[in-house]
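Participant: Residues per chain, in single letters:
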Amino acid sequence: MRLSTWHVTWRNLGRNRRRTLLAVAAIALGQTLVVAVNGLMSGSFDQMLATVTGPLVGHVRIQHPEWEKERAADLTIDHLPEVLAALETLPDTESVSPRIYAAVLAAHGDPSNQPADADMAMIVGVDAPAETAPGGILEGVPADCLPGVRGAVVGQVLANRLGLEPGQTVAVIGQDADEFPNSDLFEVRAIVHSKVDVVNRLGVVLELESAQRFLALEDQAHEIVVHGADAREAESLAASIRKLGPLAGARVLPWREAMPELASIIDMKGWWDLVFVAILFAAAAAGIANTMMMSTFERTHEFGMLLALGTRPTRVVRLIVLEALLLGLMGVAVGSVLGTAVVLVTGHTGIDYGALGGVQGVGDVAFFGVNISYVVYPKLEARYILLGVMAVTVTSVVAATWPALLAARLEPAKAMRL
Amino acid sequence: MNETTLVEAKDVTKVYRTGQVAVHALRGVTLEIHDGDFAAIVGPSGSGKTTLLNLVGALDSVTSGRLTVLGEDMTALGRRGKADLRLRSLGFVFQAYNLIPVLTARENVEFVLELQGVGRERESRAGQVLRELGLEDLTDRRPPEMSGGQQQRVAVARAVASRPRLVLADEPTANLDGENAEVLLRMMRSLNAEQGLTFVLSTHDPRVVAHARRVVTLVDGRVARDELKEPSRVDDE
Amino acid sequence: MIGPVSVKYAVRGMFRHLRRTILSVIGVGIGVAIGQFAASWMGGATEMQIRAASESGAGHLRVVPAAWPETRENSLRLTDWRKALRAVKRLPGVRLAAPRARATGLLAFGNRTAGVEVTGVEPAAERASNRIVARSRLQGRYLSEGDAGVTVVGAALAERLDTDLDDDLMVTLSGKDGIRSAMLRIVGILSTGSRDLDTSLCHVTLPEHGRLTGREGGGEIAVLLEDYRRVERARRTLADQMPPGDLVVTWEVVNPAIAANVKGDTAFTRFIVFIVVVMVVLGIASAQLAVVLERRREFGVLMALGMRGRQVVSLLLIEAVLTGLAGAAVGLMIGGPVTWLLATKGVDFSELMGGEVAIENVLLDPVVYGSFGPWLIWYALGVSLAATLAAAVYPAWFAVRTDPAEALRTV
Chain A
1 MRLSTWHVTW RNLGRNRRRT LLAVAAIALG QTLVVAVNGL MSGSFDQMLA TVTGPLVGHV
61 RIQHPEWEKE RAADLTIDHL PEVLAALETL PDTESVSPRI YAAVLAAHGD PSNQPADADM
121 AMIVGVDAPA ETAPGGILEG VPADCLPGVR GAVVGQVLAN RLGLEPGQTV AVIGQDADEF
181 PNSDLFEVRA IVHSKVDVVN RLGVVLELES AQRFLALEDQ AHEIVVHGAD AREAESLAAS
241 IRKLGPLAGA RVLPWREAMP ELASIIDMKG WWDLVFVAIL FAAAAAGIAN TMMMSTFERT
301 HEFGMLLALG TRPTRVVRLI VLEALLLGLM GVAVGSVLGT AVVLVTGHTG IDYGALGGVQ
361 GVGDVAFFGV NISYVVYPKL EARYILLGVM AVTVTSVVAA TWPALLAARL EPAKAMRL
Chain B
1001 MNETTLVEAK DVTKVYRTGQ VAVHALRGVT LEIHDGDFAA IVGPSGSGKT TLLNLVGALD
1061 SVTSGRLTVL GEDMTALGRR GKADLRLRSL GFVFQAYNLI PVLTARENVE FVLELQGVGR
1121 ERESRAGQVL RELGLEDLTD RRPPEMSGGQ QQRVAVARAV ASRPRLVLAD EPTANLDGEN
1181 AEVLLRMMRS LNAEQGLTFV LSTHDPRVVA HARRVVTLVD GRVARDELKE PSRVDDE
Chain C
2001 MIGPVSVKYA VRGMFRHLRR TILSVIGVGI GVAIGQFAAS WMGGATEMQI RAASESGAGH
2061 LRVVPAAWPE TRENSLRLTD WRKALRAVKR LPGVRLAAPR ARATGLLAFG NRTAGVEVTG
2121 VEPAAERASN RIVARSRLQG RYLSEGDAGV TVVGAALAER LDTDLDDDLM VTLSGKDGIR
2181 SAMLRIVGIL STGSRDLDTS LCHVTLPEHG RLTGREGGGE IAVLLEDYRR VERARRTLAD
2241 QMPPGDLVVT WEVVNPAIAA NVKGDTAFTR FIVFIVVVMV VLGIASAQLA VVLERRREFG
2301 VLMALGMRGR QVVSLLLIEA VLTGLAGAAV GLMIGGPVTW LLATKGVDFS ELMGGEVAIE
2361 NVLLDPVVYG SFGPWLIWYA LGVSLAATLA AAVYPAWFAV RTDPAEALRT V
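Residue numbers (the working numbering), protein chains in the order written: chain A, 1 to 418; chain B, 1001 to 1237; chain C, 2001 to 2411.
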């Protein structure tokens, strides 16, 4: 290909500004939407992933091997401080939350209430200051309202049922790890509307030490929830954790194994997103191909003239293909920039698709233990841009090639008469 | 302005752009066309013949100078006004691609009449025009079924069907052989003589010049010569 | 605006440039078909989730005591559950009706305890209407009518209590007049595949439930309809026939979590489909425009003959309508069979998911059956006409701003 072919192509595009603009616009639109929608799907997938692996599940769960099945209070992870210290040494861990769970009955601490008003509840022993971080069980609870030594934070629904308010006491009745009955009173420091549904419905959240004391446990916990940087790296994080000395014999589960149904849901969403991305790709490709084809077919007269002037048919084809290539590249360049801009801006502000779909966020409803919001934050992923670039450019070129080949076989006079 | 002056041009210039290039098609044209003229505008290629015709025919806008056509100041007339002028008072014949290929001869004539708002009498009027010009054999034929000469004659029929005051023809004989050219010119001459239609033709065909009573020569976008002459006789061979 | 001759011109012109017209129409058709597929899929997604919720126990409708939606108190009972059940079965469009009663209680075996919801059911109806029962692996047997002193529990629950078939459990419930206990023998163990579903599953027969709690009768009747789209209408009809003190609510009220999820999913999907349709419309429009751009010379000739810009646009609008209609027809021909296949055979994700999937008390059958119906026609027409007419808009702007000579000069 001589340099002059590029030159001619470029000037040709400049001469027919409207046509060029239209083709570039169509291609750019396709690429913009491909990038933007991919960003949307990516953000929504990540959000779902974060939701299901949220405060309750985490990325990796560490438990006594039998605890999941039996839920007996004495099946614990021992030597907690060493275990926690070992976990902190791993570079990938972002947060480490030890937890203690026990099924109990809870009642209003005021002795005038009937014992029959006791309700099923659950002690959740946590490292309270750590759980106030974003994504924790106690997210949003101010520091002076944390459980502390003799206090508890009660879930909103439970508090409603028992008629509890901050400052009052809650009575907790249960069994300790040795199966001796135990009861105690705690001061309600705060009522929490937690993101974690089970905490809302049944939770009496205590400081880890308080829970350990209630259950006659030492440096033990039932579960350690570990968050890494990326939920998708949970398997390798689990592998690293298993190698740690103090964790020998513990059951270390990445979330996919811990909650296979969540894995199914996530996978389902993955396939779902794929279907729609494929549909969008098809729509974009159809639009671009249609435009390029129609545009090229309409230029038969022009090609006839070129042929009449003595241009060889292969050169005519090359010119057309080259034009399509240039248009494709320009289009994806513009589209990529626009698409990226859209993703970055909406990634910041979020898209309230609930409002667009005519739905209000239902505040008190939880799904997978976390309250639902109908806002999505698109996320940019470079590989989708590249994918789009390739797909869109190829579509543009292929769509122009067929008419080009047909044009090249024309008799010049006939072509010019059309 | 003289009642019989249909077109008055004073220092008219036209510059247009194709891509990067600015073309100075007319560089100051001054002339008048009078009622009943049968004028030929001649000159080499690029002299601005077609451009001048386009300007007079309200197909294009003047760059500078004054141009008055049928009493209308072309610089002041908007696109709507120009379209109206074209529709009601002007007839245009191109060098080629005059007729709409998918319509018959009669429908081609009807097309313009319809644009003018003529109602149900369209069909009969169109048929009549074709008959008057000896073209009734072509009534239901489509352009691909006609020869070049026949097409041009139907084009003239269409141009005059709307009873314009001025007919502009741009190189009407360029694609025709001797005999067809002659027939076409005679048709125009007789319309000029019998109905008083004013014709302005741009051409570099000597046969056209032969029939003209007035010859305006353009060179490089300016009027080089403007003279009256004796036209060839219509009953000549 | 323009007359018959111009219309002849437009129509015959479309036939003269046959390849252009055919490509146009096919282009429109393909775009329309893609849009239809997307819309049909969207409907299918919603249907799938509603099917999951309703067939996992919620039912499309539920007859409940009037106070239940507020308090969610499972000790409430229907005013006359047999009468209500008869009314339900008489309603046209009802596939199944399953009465139930629920109570929160504690199961104990040895020194192990577990909190459960003890559900009293009508075995035959429950098997038929509750996917959780029908599709799970069963050890032993399910309940039969007339059973007494027996229960069927979930596998994870059995594990937690370390029990097996034929073991006797002690059940303690809050009954009509205080705490009551009784013994139940395990005759069946259900493995639903979901730990959450398993751990709270404990079924007894309805009469047994009445004996255990001291509260006779059904506390709810789950109703499965033939067509989920008739939910609201069926609800109103049924509500009229209920004894006072009983309400008929939809699955959305019964399971707000799923309802919210369906709404959210639908909103999200609608958003995506909207984008797809925008892409389709703009894609078609740009292809149409590409053609219009190349016809500038033609428009120049028309305008030289005296046609005004507005009239040229009218011409293009006629062509646009014709192309749009033909394109819609092609779209329906291409998309129709595909959508029909999607609606009848559906797309089965269960291979990829490893069977059925449990979400929040619901067992999902991951097959998408697309929506199919007369709406497809309106959809096709809407999309194609929107696109082709939009493409005719640009020439309006262009035609008003160009001198015919300029258009004629176009090479």
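Treat the hints as calculated values from the structure; they're not laboratory data.
Computed from a predicted model, the values in this text were never measured in an experiment.
Hints may be right or wrong, so weigh each one.
What the hints assert, rightly or not - From the structure, some residues in chain B lie toward chain C, with a derived Cβ separation under 8 Å: (1) T1004; (2) A1193; (3) L1228.
Stated by the list, open to error - Chain B stretches covered by chain C per the calculated footprint, using a threshold of three residues with CB under 8 Å from any CB of chain C: (4) 1058-1070; (5) 1098-1112; (6) 1115-1128.
Unchecked claim - Among chain B residues calculated to face chain C with C-beta under 10 Å, some are: (7) T1013; (8) V1015; (9) Y1016; (10) N1054; (11) R1080; (12) L1087; (13) L1090; (14) E1132; (15) S1162; (16) R1165.
C-beta: ideal position from N, C-alpha, C; glycine also.
Participant: So, for every hint listed, does it hold in this structure?
Facilitator: Hints versus structure:
1. T1004: violated (25 Å)
2. A1193: For B:A1193, the interface hint is violated, since the closest Cβ of chain C sits about 26 Å away, which is over 8 Å.
3. L1228: violated (29 Å)
4. 1058-1070: Check passed, 3 qualifying residues.
5. 1098-1112: holds (count 8)
6. 1115-1128: holds (count 3)
7. T1013: violated (15 Å)
8. V1015: This hint is violated: B:V1015 lies away from chain C, its Cβ roughly 13 Å from the closest one there, beyond 10 Å.
9. Y1016: holds (7 Å)
10. N1054: Nearest chain C Cβ about 4 Å off; hint holds.
11. R1080: holds (7 Å)
12. L1087: Given a least distance of 3 Å, the restraint on B:L1087 holds.
13. L1090: At 8 Å from the nearest chain C Cβ, B:L1090 passes the 10 Å test, so the hint holds.
14. E1132: violated (20 Å)
15. S1162: Since the shortest Cβ distance to chain C is 8 Å, the answer is holds.
16. R1165: violated (14 Å)
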